[in-house]
Structures are given as C-alpha cells and as structure tokens.
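Student: So you can see what is in the structure, the chains are spelled out below.
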Amino acid sequence: MIEFHLDARSGLSPYLQLIQQVRQALRLGLLSEGDQLPTVKDVVARLAINPNTVLKAYRELEYSGLVAARAGVGTFVTKTLADSSLAAHEPLRADLRDWLARARKAGLDDESIEALFATTFRALTEATTEAAIEEEVR
Amino acid sequence: MTAEAPVLQTTGLGKKYRSRWALRDCTLSVPAGHVTGLVGPNGAGKTTLLNLAVGLLAPTEGTVQVLGGEPAGNETQLAKVGFVAQDTPTYAGLSVADHLKLGKHMNPGWDAAVAEDRIARLDLDPKQKAGKLSGGQRAQLALTLAIAKRPEVLILDEPIASLDPLARREFLQTLMEVTAEHDLSVVMSSHLVSDLERICDYLVVLVNSRIQVAGEVETLLATHYQVTGPRCDPAALPADWQIVSASHTDRQSTLLVRSDTPVVEPGFTVDQIGLEDLVLSYLSEAGRTGSRGHKELEAQR
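Quick note, the sequences are listed as chains A and B, same order.
Under the working numbering, think of the first position of the first sequence as 216, with each following residue one higher.
Under the working numbering, think of the first position of the second sequence as 13, with each following residue one higher.
Misleading hints may appear alongside valid ones.
One side only, chain B facing chain A, incomplete, derived with CB under 8 Å [what the hints assert, rightly or not]:
{"no.": "1", "residue": "Y29"}
{"no.": "2", "residue": "L178"}
{"no.": "3", "residue": "R181"}
{"no.": "4", "residue": "L184"}
{"no.": "5", "residue": "M188"}
{"no.": "6", "residue": "A192"}
{"no.": "7", "residue": "H194"}
{"no.": "8", "residue": "R210"}
Calculated directly from the structure, the hints in this document are not laboratory data.
In this text, a Cβ means the ideal position worked out from N, Cα and C, and glycines have one as well.
So here's chain A without its partners, still in its complex pose:
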C-alpha cells in the first residue's frame, strides 16, 4: 500500500499529483499487479481533500488501464509500468551519484546543477523530437 502526499507548491492540481504518484510507484516497482490502492475514504481522511478529486484520479488511472475498481472492495493495480528497465536503475543511479559528486566538486550549487540538468535534458529531448519529425517528413 502506498501513501499519498500533496505538495502545495508543485503547481500541479491535487488530482494530477495523485495520478503522478501512482504512476511513479508503478514505475519504481513500489506497486505491482494485484496491489490495492488506498480507499477514497482513507485518502481524504489523510489529506483533507475533496473525495471527488480522488475519484477523478482513480477513474483516470482506470481509463489508462493501470488499475481496476472492484465494487465494494477497492481499487487494484492491473498493470505494472516497471519493465525490464527497472534492472538498469541501480547502475544508472550510481552513475548519476558520481556525476553529482563531480558537479559539487566543480563548485556548482543545487540551483546550477538543476538548471544544467534541465537545459541539457530539454535540448536532448528537442533534438530527438526534431530528428523524429524530420524522419517522418522524409
């Protein structure tokens, strides 16, 4: 069972935050097929949010085929997002740690590190998308 939390400063609506947290738990293998999500009552009693917000998030997860509601019982995970790539997480995490240590050593503060990562990530994503579009045009 996972526990939800809300970040008031994230800029994402509570309903999107709930969806994101389930997807993330699925991707990291914290949730797998057959696991139950917290009941609507439990979530609202913990977070003090509108029950419709939770229902909406669960419905959306159901549409994407990740969970299924069983009447009177609860909502259960039907699909996992953690594929074979999960095995690659650990070595990649180790690489990332090394890289972060090197960035610190070079004198970058947290903000610079985040900015560097974000801009590189964005540039790379844009380059790949453009390449894909060009490929399609051809």
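Mind docking chain B on chain A? Use the hints.
Tutor: Structure of chain B alone, referenced to chain A:
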C-alpha cells in the same frame, strides 16, 4: 450522489433587517454531490444565506429550497439537513455523553454507533463538560452531532475560522472522511479561501449581499485567464471577454478575463489563474465598485 434535486436552490432570494438588505437578488442552484464553498468577506451575507437555507430565518422576498423542500418545512426535511452554526456552538454545562443523549432524543434517524465511534476516535472523554473542551474538540463534537443524525446535506457556517492550523486540518480531515463515507453534500462558508481550495469542488462568491460568481471550481478555473500586455483601452478588447478586474500602469495592463472560449490575443501574455487569486479578484473588484459592478457581471453572464 445521484442527479436528485439541487442541494440549494434560490430564486430572487432576499433578506432585509430593518432598512438594510443583508442578502439581495440571490439566484443560485447548487447541484447535489458537491462540497460547496461559500466565500466572502465578513458581513457579506454568508450567515444570512445559510440561516435562510436551514429555516432559522424567513426570506423577505424570493424563495429558497434545500433538496427540493422548504427549509425546516417538516420533520423529514429537518432530518435531511445537518447544520453546524457559526463558531460550532455546544452546551458548555453538558458533558460529551449528554450531547449524544440529547442528539439521540431529538433526531429520529440518530446513528448511535457513528456518534460513539467518532467520539472514541477523537479520544474525547464522554464525562468531560463541553465547556472544558478545546476549540478544536468542541468543533469536532458539533460536527459529530451533525453527522450522527445521518443527514443528506451538511451545512456549516465558518466552522474553522477560530481554530488553530492543526485543529483546522483535523476538522477538515474528519469532514472529508464522512463526506466520502456517507455520500454527503456539503455547503460550508468561510472567509479563508486557502482552506477551501483543497476541499471544495463548487464555489459561490458572495460580496456586499450579492452573489458575484458561482460554479464548479474546475469550470471556473478553465474559463478565467490572467492577461497581461501593453496598456490598452478596455473598450477595444474583444467583445466576448468579460473583464472581471483590470489594473493599469502607464505601460502595462493586467486583466482578469472570463471567457468560455480560449483567450488568444497577439501581443498579450495569457496565463491560467489559481483559485485564490480568482476569488480575491472578485472580492476586491466587488469591494471597489459596490453593487453596480454586480449588475454588469449579471448582464454579461
């Protein structure tokens, strides 16, 4: 939460105290199955509207119906509505157990199991006098009484205004838990928008005894835009823009625009707006223009 009669429906509702109108021209239809926030500054008419809805006040003009019935019209109607009045009043001289006994005696649909379970979970001593409880505990006791009568709609008047942040959070947790558990509709007034942001999916803004805007929170957020750009003449803006508020410097104009179609205008930056900013814009605008602004709003809606 089925498509039954609206939780609260008013037509031209008004209440006059001597020469002063506390509520005027109030026409509303709040559907069932929502947690509705009634927001407005102190003295806007929130308590008057809620007291009319529960039958503690009689309208001077217009009509009000709750779940399709006349407020406090008969026993069935009384049983359908749970009410927690302003400042969550309890009887100081009576114990917690006495309150439950009283509740049982006065409500035909009283659910003793729900009441006792809540008291146990709140860790309240049944022998404790209500006058000795903390503000948070007293609010929870008042809420317990309103819930244990098993109403269909729960109406609360500023239940958390006087509570500290922790007690406020605990109260809202309980409120949302019972809302989910018993499929309740809730109408709750507050002058604190931030408290309502997480729990309300329907909003009614009341200023100067008049309704300024009402609707589903999602719809309100999707149809309001913060627009900034070079200084402009409001008359030159697209006709389908309803300007909620506008402020100008010598170079720049900042507008809150309500529009059912997406707002796109060359040279202007268009941003989504948060609920708190949206409500505050209506409050400050209504405060500035008085009731005249309302007429224009009404006409454009």
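Student: Hint by hint, which ones does this structure get wrong, listed from lowest number up?
Tutor: 1, 2, 7
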